[in-house]
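Peer 1: Starting from the known structure of chain A, arrange chain B on it as the hints suggest.
Number of protein chains: 2
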Amino acid sequence: MTRHLPPGLTEESFAEAIQAFRRVVGDKWVLTDEETQLPSYYDPFAIFEADHFAPSAVVKPSSVDEVRGVVAVANEYKVPLHPISIGKNLGFGGPAPRLPGAVVVDLKRMNRIIEVDDRLGYAVVEPGVSFIELDNYLRERNIPFWVDVPDLGWGSVLGNTLERGIGYTPYGDHYAVHCGMEVVLPDGDLVRTGMGAMPGSNTAYLYQYGFGPLYDGLFTQSNFGIVTKLGVWLLPKPAGCQAYMITLSKEEDLGQFIDILQPLRLNNTISNVSSLRSLLLDAAAVAPRSHYYTGDGPIPDSVAEKIKDELKIGYWNFYGAMYGTEASIREQWDLIRDAFSAVPSAKFYLAHEHDSPVLATRAKIMAAQPNLETAEILKWTDNCGHIDFAPMAPATGEHALWQYQTTRDLCREYGKDYMGNIIVGRREMHTIHLVMFDFTNPTDKERTYALIKRLIAESTKRGYGAYRGHPSIMDDLAATYSFNDNALLRLSQRIKDALDPNGILAPGKQGIWPARLRGQQF
Amino acid sequence: MTRHLPPGLTEESFAEAIQAFRRVVGDKWVLTDEETQLPSYYDPFAIFEADHFAPSAVVKPSSVDEVRGVVAVANEYKVPLHPISIGKNLGFGGPAPRLPGAVVVDLKRMNRIIEVDDRLGYAVVEPGVSFIELDNYLRERNIPFWVDVPDLGWGSVLGNTLERGIGYTPYGDHYAVHCGMEVVLPDGDLVRTGMGAMPGSNTAYLYQYGFGPLYDGLFTQSNFGIVTKLGVWLLPKPAGCQAYMITLSKEEDLGQFIDILQPLRLNNTISNVSSLRSLLLDAAAVAPRSHYYTGDGPIPDSVAEKIKDELKIGYWNFYGAMYGTEASIREQWDLIRDAFSAVPSAKFYLAHEHDSPVLATRAKIMAAQPNLETAEILKWTDNCGHIDFAPMAPATGEHALWQYQTTRDLCREYGKDYMGNIIVGRREMHTIHLVMFDFTNPTDKERTYALIKRLIAESTKRGYGAYRGHPSIMDDLAATYSFNDNALLRLSQRIKDALDPNGILAPGKQGIWPARLRGQQF
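Order-wise, the sequence lines are chains A and B. Positions in the first sequence are counted from 1; adding 38 to them yields our numbering. Positions in the second sequence are counted from 1; adding 38 to them yields our numbering.
Hints were generated in silico from the structure; no laboratory data involved. There could be a bad hint or two in this list.
Intra- or inter-copy, both count: the list cannot distinguish identical chains.
[As the list claims (entries may be wrong)] In silico SDA-like links for lysine to any residue, alpha-carbon gap of 25 Å or less: (1) Lys146 x Arg61; (2) Lys499 x Ile152; (3) Lys275 x Gly463; (4) Lys491 x Asp523.
Bear in mind the structure is a predicted one, so any value in this text is a computation, not a measurement.
Chain A extracted, bound-state conformation:
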């Protein structure tokens, strides 16, 4: 393991900075041991060397004041900081900083659920609160509200929202259901956004917009501030919840299916963020790859057919949920079956009518029960990691088919299985392509990285932009948003320089570098 020093610092100045951090947070909350402490802050699915995106140290403040103290030290010594909430974010870099040698600011100790309003339906959380913890809090107190949860429940509610992550109930768009932020700016100033900027405000967590410019978006997928509190709207617990699965045994039915689905999402007949998963992604949740196939190269179509039969699922498997009274759910189910009965290969199952473990997991998630079952797919191979390419697409069959066929063909060209998850909004889809690889195998990593670059290039040509990305491709993705000679990046850089003149906060995150590091390669 190599220690990366932050650029521009000497061993001496770095040691001084570490001493200063220790004075702020206490000795034991500054981690510097590169054998025993720092590796747990590496990207668990490293696409380059394991320690490529490694921090030089980790600082663990316990309060907003300590965060401000850490930021003050960073400005004094020009130490780059990389704030994380809990540091999950699998497929997108985990806890690892974009800039090798940055000091991770681990906010897990700030884990208070500050307030829950059981009438108007919101929670106020610190960065260290996980979905599982917030859910437990609500259940233990019989609070009749749900917190929407993502695939894996161990992540931070605040961190997931800042990365604009998604879940699967009607409140699945986490940014859309946040309300109110407290933020430490790169110079240590402390702001509250929206109505929360009024002392004693009674609508800080009820009304999203405040008076004057709306800053919340500025602090998402960004390096302009460290968010220390977040308001989160909770979904009123529905009278009932019934999950279902629709399997499509023919892969080409994807297009027709999406074309029927989109208007139902738009008019709220299907009210939750639903997902359409490819065969092998679901197969991975059931058994390791070797159970299905031990040959070389991508799993052949003939084997895929057998997997389909064994698991009694389709090439595509759609997971939705219906909410409301029993009568309402019956009506919804009639409407849904009627609509999709036009798809020749569609088969319909309520949650209890099929023994698929994926359906069981999805049923929990769509009923806002956080869990870790989706991590089962990591048993696909030994040392299995994944890197995700996540382009947005219009929610039409034509676009779904283009994304699927292009990605599948490129995956095969690079010797990879296609594993896709299409998460369907009202007008758009997150088309998330998980590329699995062996994170101990340099050849496999090189090939995987080359594939991801190809996927970016091909999708960009057709106007599909990614909503999020791994540190290794952040600059590439930022460069695809190039209208008017990269005007958006220019705007980001001007704001970066104005708010963070010393360039200390998360340099390079989302392709935004501070002036002193701009144009260098890291």
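Peer 2: What follows is chain B alone, placed relative to chain A:
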């Protein structure tokens, strides 16, 4: 009429700037005549002298390139610009600039409906497109989507969204249903936000968030850019729409009513942005004040009782709409009547069951039919204007009663009638208090302005913040968001100075002044 020159400019430098503007947009699109041309850009409801917030000139570009040209001239001569879309915004200053002597940039000529997608449901509009025009476009082509409309349909779709205005269908939160902006920055650079920053993007108007920091909010209620294009999501036309009114003949039933209403809004039983209007606001839509009362001072309770009887309405009148199939609407109506039957004085009317002209108007608006009928209230007195105080409040009965009682009592103290409109969201309410005044009467204006200042002071003490405000109170309102020694305003000023170093764009809007004018009084 006095011509205000922009601060710092001489007659000579101003004349040069005007010549330069003429070269950009053509002679006839620069207006400078203070007798015949500029008065139509004054606030129609001037609370100070009629020409207090008067522009020094008006420039009318016809394209994005011309807007950029105008901005270039402004930077060269340090001429402050005040962009307007169509310039309605009644009660909040109309087209008038916050800084006396600013040059209004009137964008009405940019009135193209650039695109309407009749499948995924969005429109892309320029600033000069009104709600009425966009609605006409959709109806003429039988496009099965609605554009949500505000009280008055003549305003700009883009302008209303930027001021975070609201309408009354389920898409009533206009900022929430926008998607994608094109913005000319104060230095003339041109950015597209979100996915639109990718050349050839196919999700520019489908996915709101893009990659990296989200800038859209920065350009709302702000002076950081001139928005030249906006994507707007359209509501799928429902199977049916049925408006209704619930009248409360006892004013004190307000609290109980709101407490029953809020959970129904939150769980979507009542799916649209609904409103609860006070007696005199509705009376004003029917006849002038003199029809009801010709005495001095506020209308007495005894007269109010008579008005109630004459109009067959309540002290409070709630307007909602149900959407869907006939069967579904019948079910909704049962649920709604059951829920509110606990309110002793509640009476229930479907739209055709009562001849109230207000109900007829609200029925149109909740069915997305833009109109100008709400302007009837301006016949209340001769020379009738209004200034609006618009604090947000938690959607509970306790808060509704406090806002009502405090505002009513203060109105009476200042000799004014109470006219309130409570617009009920899922967790919060816009409590809009219209204070009517005679805009030709200096004594009335002074008294009205003093009342507004008192309302701000009293509401701020209790944590109620205004969501929007008239130019005459923008600095006061900005000052109420004072957490951490005005940290939010400090942030605004840093971004202002970074993006607009010459301080040319809408100085003072929402209390944000550029460095060169900060601390002065205008």
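Peer 1: Look at each hint and say if it fits the structure.
Peer 2: Comparing the hints with the structure gives:
Within a single copy, Lys146 and Arg61 get their C-alpha atoms as close as 19 Å, which meets the 25 Å cut-off; across copies the closest is 59 Å, which misses it. For a Cα distance limit of 25 Å, the shortest separation of Lys499 from Ile152 across copies, 23 Å, qualifies, whereas the shortest one inside one copy, 46 Å, does not. For the identical chains of this complex, Lys275 and Gly463 are neighbours both inside a copy (21 Å) and across copies (18 Å), given an alpha-carbon limit of 25 Å. For a Cα distance limit of 25 Å, the shortest separation of Lys491 from Asp523 inside one copy, 21 Å, qualifies, whereas the shortest one across copies, 47 Å, does not.
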